[in-house]
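Peer 1: Spelled out, the chains give:
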Amino acid sequence: MLELKNISKKVGNSLHINDVSITLEKGSVNVLLGPTLSGKTSLMRLMAGLDRPTSGTMTMNGTNVVGLPVQKRNVAMVYQQFINYPAMSVYENIASPMRVAGVDKATIDRRVLEAAELMKLTPYLERTPLNLSGGQQQRTALARALVKDAELVLLDEPLANLDYKLREDLRIELPRIFAKTGAIFVYATTEPQEALLLGGKTATLSEGRVTQFDKTIDAYNRPIDLITAQTFSDPPMNMVAVRKEGGKFSFKANRIEVPGNVAGLADGEYKLGIRPHHMLLEKPDGAAMKLDCQVSTTEITGSESFIHLQSEGTHMVALMHGVHRVAVGDTLSVYLDQNRLFIFDQHEKLVSAPVFDSQG
Amino acid sequence: MASITLDKLAHSYLSNPKTDADFALKEIDYEWQDGGAYALLGPSGCGKTTLLNIISGLLVPSKGQIKFNGQDVTHLQPEERNIAQVFQFPVIYDTMTVRQNLAFPLINRRVPKDEISKRVNEMIKVLDLSDKADRKARGLTADEKQKISLGRGLVRYDVNAILFDEPLTVIDPHMKWQLRTKLKEIHRQLGHTMIYVTHDQTEALTFADKVVVMYEGEVVQIGTPEELFDKPAHTFVGYFIGSPGMNVLPCRIAGSTASVGNTTIELAHAYNVSGAKTELGIRPEFVYLSAGKNGIPVRIDGVENIGRFKIVRANLEGHAINAVLREGEAVPADPAVKFETKRINVYENSHLVRAGG
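Note that the protein sequences, when read in sequence, are chains V and A.
So the first sequence is numbered by my numbering: it starts at 1 and just counts up by one.
So the second sequence is numbered by my numbering: it starts at 1 and just counts up by one.
Derived from the structure by calculation, the hints contain no laboratory data.
Mixed in with the good hints, there may be bad ones.
In the SDA-like style, the derived pairs of lysine to any residue whose C-alpha atoms are separated by at most 20 Å in a straight line are [said to hold, decoys possible]: (1) A/K210 - V/V323; (2) V/K120 - A/S44; (3) V/K180 - A/D301; (4) A/K210 - V/V326; (5) A/K182 - V/S311; (6) V/K10 - V/R45.
All values reported here derive from a predicted model rather than from experimental measurement.
My request is simple: use the sequences and hints to build the entire structure.
Peer 2: Below you can see the structure in the form of structure tokens.
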């Protein structure tokens, strides 16, 4: 179990990591989700012992590890760039951490072959990395991390440089492979979809802060504040700034009844968040806000349509199932369903989220 | 702007290609229309960069001709082809301001001064860079720099075509959305012939009118996003387009029924197939899960809840099969699947078989 308490890292005058407290359980999958420069790599470097925190404590299974250099920790790390020893064969690349650790020959052989099999590298063991495709090179780096039997495995956007489809396949396999080792598995990504596919728990990062750390699907369904909701949505969540007066939220001349569960909210400014696939072209049974919009662009993927809309100066995206052909410049009414609203207060804290099941 | 004709084009990096396998780009014969938006989509090594380099003039093809507006340009140097290119990483001058960066390609081509300032101002507006127009490029974020790169390609009106080589790969997801939409709007406004190379299906499908799907040096299908989704011409297209891709199950075909192991599946039409390898393709979106005996029993190996939908990983007679459940739909306890009959595609040696054919 890796425990971070009030960890901060200052470089010059800028705070790269700001007061992070999270506990990572043995055998767990933990995703660090956030845009570029939100602190994912900085946080991993602190966890690995490559950098020393400016303040805070970090313990591994109860033992203080602050100041303990990376060589003395049982850590494996894989980066976005494929890093292998170019002069060594794939076999030797995978074997290298065990050679350093003085593992006996028979064990090395067995473990290399096992890892190669899992990573689908068996046919390439005699080749050197530069004679492999990008996906095979990254699988070599991953196999090396696997045989190290590390307590902590840190993967920093490991699939970002790979082809989309290859990424899809490896994304399914990786958590399964690493789960078997019992290690703490930490995976950094900029993509919400990737976090959801990996499952486990997700820490959302913004400007060096962990804004939320929860079971992945729960963080997606109940983001505690606006920035977390934005970090954890792709396509971006639509936001409508509204004013609450009595039983109504209003956006310009458009109105919607305040849902019953938050009827007691004080009057004032709020933001309504609506995921693109919850924007409706037909009026739902319950209460809904009708918005007249202008179509600014449409994108059709063959199975779904993204319709980009403008309403009273607010840009929104509606994701529709199937093919919807609408012309640019057309006017269109969309409905915001009362049961599908994320409601944020003036401090951008979540006050209400739609209810979804967390199965799976 | 120009139409681009690929006239029996093929390329091998070997000096003496003998078999089909020696060609990095197998023969392609196609015409891209003036003002169209096209995407070249495929995994690395599929030949899309080879094709792009032939269009831009970095590579002379081993066979065939490339024509702009009907004129043979096969042996013209890149600078003689009048095309603009945007690459994966921003290509800009750090010490110049945004405005100077955008003006540079026009100054080089001796465009009159007032014309330059008109176009640059327009481009700054289109790219939403008005508040940064007079800042040096050095201090800008990665996606702002890439916007300038796009702008430097788009600011030239007279180009025959604009080629984009994975222009959004290094951009964060949110910004990707904005830039992609922007590009689409610009295409609508200015009507350039655009060719966009990517391995990302969402980028290809949302950007292009027609997508060229490539696999192992071969163009396996050219079609609209809908065609690629509904009727993949090759099982590779079915797999590559869609997340997860189309389910492909080995089967035997007899008239209008398919058999997968001991399971019989009714088809919408009769198919004439020989004894060669036959498969049926069904997209996860059209595999319906239900409880009980009403359908083909499956074993569920895993469920991934990705919010908007759930991916159910199941097993049918020893074959992996994915189904998609919409948000809020529960996974049944005693699961069986049904296929939407008219959405089933039949493949022979990996190629789509038309009904009756």
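Peer 1: For each hint, tell me whether it holds in the structure or not.
Peer 2: Checked hints:
{"no.": "1", "hint": "A/K210 - V/V323", "result": "holds, 15 Å"}
{"no.": "2", "hint": "V/K120 - A/S44", "result": "holds, 18 Å"}
{"no.": "3", "hint": "V/K180 - A/D301", "result": "holds, 17 Å"}
{"no.": "4", "hint": "A/K210 - V/V326", "result": "holds, 18 Å"}
{"no.": "5", "hint": "A/K182 - V/S311", "result": "holds, 18 Å"}
{"no.": "6", "hint": "V/K10 - V/R45", "result": "holds, 13 Å"}
Hint violations for this structure: none, all hints satisfied.
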